[in-house]
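> Next come the chains, spelled out residue by residue.
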Amino acid sequence: MAASVRHLLKPWTPSLCFARWSRYNPYYLDPDPSKDARVPDSELSPEQKELQELKTVRPIKAALSSDTSSPFNDPLISKFINMMMQDGNKILARGIMTQTLETIKRKQVEKYHRSPAAKRLEIECNPYTIFQKALENCKPIIGLASVQKGGKSYQVPVPLTDNRRRFLAMKWLITECRDNKHRRTHMYEKLSQELLAAFANEGNVVKRKHDLHKMAEANRAYAHYRWW
Amino acid sequence: SRRVSPELLPVRHICVSSSLWKKNLAAAGPQKFTQEFIDKQVEEFEIGKRHLANMMGEDPETFTQEDIDRSIAYLFPSGLFEKRARPVMKHPEEIFPKQTAIQWDAEGRPFHFLFYTGQQSYYSLLHDVYEKILAMERHQDKMRNKGLLTSETKQILLTGSRWLLKEEIEEYLVENISDHDYMRLIQLMEKLLSMPYCSLEEEFILKFRKQLEVQSSKHEIPALQYDPQGVTFSVADGRRKTAKASITLRDSGSGNITINGRNYLHYFPLLQDREQLMFPLHFVGMLGRFDVEGSVEGSGHSAQAGALRLAISRALLSFVSEGDVEKMRQAGLLTADPRIKERKKPGQEGARKKFTWKKR
Numbered sequence: 001m002a003a004s005v006r007h008l009l010k011p012w013t014p015s016l017c018f019a020r021w022s023r024y025n026p027y028y029l030d031p032d033p034s035k036d037a038r039v040p041d042s043e044l045s046p047e048q049k050e051l052q053e054l055k056t057v058r059p060i061k062a063a064l065s066s067d068t069s070s071p072f073n074d075p076l077i078s079k080f081i082n083m084m085m086q087d088g089n090k091i092l093a094r095g096i097m098t099q100t101l102e103t104i105k106r107k108q109v110e111k112y113h114r115s116p117a118a119k120r121l122e123i124e125c126n127p128y129t130i131f132q133k134a135l136e137n138c139k140p141i142i143g144l145a146s147v148q149k150g151g152k153s154y155q156v157p158v159p160l161t162d163n164r165r166r167f168l169a170m171k172w173l174i175t176e177c178r179d180n181k182h183r184r185t186h187m188y189e190k191l192s193q194e195l196l197a198a199f200a201n202e203g204n205v206v207k208r209k210h211d212l213h214k215m216a217e218a219n220r221a222y223a224h225y226r227w228w
Numbered sequence: 001s002r003r004v005s006p007e008l009l010p011v012r013h014i015c016v017s018s019s020l021w022k023k024n025l026a027a028a029g030p031q032k033f034t035q036e037f038i039d040k041q042v043e044e045f046e047i048g049k050r051h052l053a054n055m056m057g058e059d060p061e062t063f064t065q066e067d068i069d070r071s072i073a074y075l076f077p078s079g080l081f082e083k084r085a086r087p088v089m090k091h092p093e094e095i096f097p098k099q100t101a102i103q104w105d106a107e108g109r110p111f112h113f114l115f116y117t118g119q120q121s122y123y124s125l126l127h128d129v130y131e132k133i134l135a136m137e138r139h140q141d142k143m144r145n146k147g148l149l150t151s152e153t154k155q156i157l158l159t160g161s162r163w164l165l166k167e168e169i170e171e172y173l174v175e176n177i178s179d180h181d182y183m184r185l186i187q188l189m190e191k192l193l194s195m196p197y198c199s200l201e202e203e204f205i206l207k208f209r210k211q212l213e214v215q216s217s218k219h220e221i222p223a224l225q226y227d228p229q230g231v232t233f234s235v236a237d238g239r240r241k242t243a244k245a246s247i248t249l250r251d252s253g254s255g256n257i258t259i260n261g262r263n264y265l266h267y268f269p270l271l272q273d274r275e276q277l278m279f280p281l282h283f284v285g286m287l288g289r290f291d292v293e294g295s296v297e298g299s300g301h302s303a304q305a306g307a308l309r310l311a312i313s314r315a316l317l318s319f320v321s322e323g324d325v326e327k328m329r330q331a332g333l334l335t336a337d338p339r340i341k342e343r344k345k346p347g348q349e350g351a352r353k354k355f356t357w358k359k360r
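Sequence lines, in order, name chains B and R.
Mapped onto UniProt numbering, the consecutive letters of the first sequence carry residue numbers 1 to 228.
Mapped onto UniProt numbering, the consecutive letters of the second sequence carry residue numbers 1 to 360.
Worth flagging that the hints you see were computed from the coordinates, not collected in a lab.
Glycine is no exception: its CB is placed at the ideal position from the N, C-alpha and C atoms.
Worth double-checking, as some hints may not be accurate.
[As the list claims (entries may be wrong)] Under the rule of at most 25 Å between Cα atoms (straight-line distance), these lysine to any residue pairs were calculated in the SDA-like manner:
id	chain 1	residue 1	chain 2	residue 2
1	B	Lys171	B	Lys152
2	R	Lys210	B	Thr56
3	R	Lys154	B	Gln52
4	R	Lys327	R	Ser161
5	R	Lys241	B	Ile123
6	B	Lys90	R	Lys341
7	R	Lys32	R	Gly108
8	R	Lys353	B	Pro140
9	R	Lys341	B	Lys105
10	B	Lys61	R	Ser318
11	B	Lys10	R	Arg162
12	B	Lys49	B	Asn82
13	B	Lys105	B	Asp87
14	B	Lys35	B	Tyr24
15	B	Lys10	R	Gly108
[What the hints assert, rightly or not] What follows is a list of derived Cβ distance ranges for each label pair:
id	chain 1	residue 1	chain 2	residue 2	range
16	B	Ala19	R	Ile38	46 to 54 Å
17	R	Phe355	B	Asn73	55 to 63 Å
18	B	Asn73	R	Lys341	24 to 32 Å
19	R	Lys341	B	Glu50	35 to 43 Å
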């Protein structure tokens, strides 16, 4: 009945107070602001087809103010900007990100022009691909969780979800760039150095990821303490 | 012993208090209406409708319920705040609650074998559904014996519909059911759906599903208006977090954007805000086609940009095809953002921040 669906479309506060809620009723679905990313119908899996059909009947949330239909809009970069942001200063965070990408491009183009013709094909100049690849290289595969058993707490190796892995990679990058740098270097310089190092699988962030993996390997004996 | 005739025996009046004569209203249950009573009410309603139509000077044949409501509100104006206390004239079906007829015969024996469960229609429905499940299993076995068992059986289309709500099921069964009962019924229907040959009972299942309306039909498209010069334009409003914006989209061919009399480069020095203004136009592919003239007030720069974006998207609806309207809706351009500043709570520093926790 239209009357019973109408109450799902109004701004919402949950009756049971959760720790984290939003003004959207959970009935709303997430928007997809990209312009031409539609895969033709024949290549969709049955779940994706179901989701498409569900989208025609369900209300959709409003697009965020940081998302556009432009091809330069990358959700990964947006997430990274939000994580870098302090005290709501989005202007500064976005400025740092733009400067970082510019610095990366400049360095790579310089390297490209300085290198002999044979090696030029291997040099990646697109800062977006460098960022994505670098982040991939920083993502840990396995993590550690603290489990209390018999009065003692053990570090137990635990699988991580995709979101958690992405979050950890970004967090390590940001803390690394904030702490371990010379007083005079700017954030964007240090970030570009770290990203280029991570792209080549070197640098402190990748080292931190490897340390985590070694710790997990060392604590293999406690893996059965995990009950979830 | 003396034999006395019964007429001469003294009559003793036993005094009884009047409280025993009063009817026990609570034990009687809800007021029962007979079918004749309801029929009489329906007749009176129809005659009264015709009288009302004649009174209002309208045609009695085409007098709808909305006309009745309008006439009653005109003839009996009421200042009462409670809408349910105002004078009402509706069909008796909507006023008198639906009741089941007497469930037992003259000797007091109930007709239905599940009468003593207290919810005979609900349990008989459960029995019916289970019968169908068993019948389907038998059909499946028969097909397997013949060697005709295939996994590619016709599936019922279920997207775009939902199960009937508990209130709707109660209306259908004319009985009250609990949440647990409702869940049990839905689980049984899902089990019926999970069987391979469920398309045999498609009609039965669709009786319990309600079609959801397609969302894109709900958006109001602003009317296309014409300038004295012949240029088409449309006007729309948008709001975000106390910022109110109003946009005029002119189909003139240049791509100028003017906000509050100033160029959008001056009004929004930040790239993100200008991107938000361009977002709906870029999405539809009509960036350089329109002249955007907007006025906005209230809140901060980001909220103003959001309000303008919503207004531009709404104004664009009149220039864009049906398929594009649905695409814009799925991109999140046509929803008004309901997020506002969360209120500060008493006993806390702000909306979420608490005062310093002191152990003692």
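> Each hint should be assessed against the structure and marked as holding or not.
For each hint, the structure was consulted:
Taking the CA atoms of Lys171/B and Lys152/B, the gap is about 28 Å. The hint is violated against a cut of 25 Å. With a C-alpha separation of about 15 Å, the suggested pairing of Lys210/R with Thr56/B holds against the 25 Å cut-off. Proximity of Lys154/R to Gln52/B is assessed by CA-CA distance (about 21 Å); at most 25 Å being required, the pair is judged to hold. Our distance criterion of 25 Å between C-alpha atoms is met by Lys327/R and Ser161/R, whose separation comes to about 21 Å.
Pair hint Lys241/R plus Ile123/B does not hold up; C-alpha atoms about 47 Å apart against a cutoff of 25 Å. Between Lys90/B and Lys341/R the CA atoms are separated by roughly 18 Å; this keeps the pair inside 25 Å, and the hint holds. As the CA atoms of Lys32/R and Gly108/R are separated by approximately 18 Å, the hinted pair is consistent with the 25 Å bound. A hinted pair counts as satisfied when its Cα atoms are at most 25 Å apart, and Lys353/R with Pro140/B does not qualify at roughly 33 Å.
Distance hint between Lys341/R and Lys105/B is unfulfilled; the C-alpha atoms sit about 39 Å from each other, more than 25 Å. A C-alpha spacing of about 22 Å is found between Lys61/B and Ser318/R, which places the hinted pair at or below 25 Å, so the restraint holds. Distance check on the hinted pair: Lys10/B and Arg162/R sit about 19 Å apart at the alpha-carbon level, within 25 Å; holds. Our distance criterion of 25 Å between C-alpha atoms is broken by Lys49/B and Asn82/B, whose separation comes to about 32 Å.
Taking the CA atoms of Lys105/B and Asp87/B, the gap is near 29 Å; set against the 25 Å cutoff, the hint is violated. Proposed proximity of Lys35/B and Tyr24/B is supported: the alpha carbons are some 24 Å apart, at most 25 Å. Under the criterion of a C-alpha separation no larger than 25 Å, the hint pairing Lys10/B with Gly108/R is inconsistent with the structure, at around 51 Å. For Ala19/B and Ile38/R, the Cβ-Cβ distance of about 53 Å falls inside the hinted range of 46 to 54 Å, so the restraint holds.
Our hint of 55 to 63 Å for Phe355/R and Asn73/B is violated, since their Cβ atoms are close to 41 Å apart. Between Asn73/B and Lys341/R the C-beta distance comes to about 26 Å, which sits within the given range of 24 to 32 Å. The beta-carbon spacing between Lys341/R and Glu50/B, approximately 37 Å, falls within the hinted interval of 35 to 43 Å.
Violation of the numbered hints given earlier is confined to hints 1, 5, 8, 9, 12, 13, 15 and 17; the remaining hints are satisfied by the structure.
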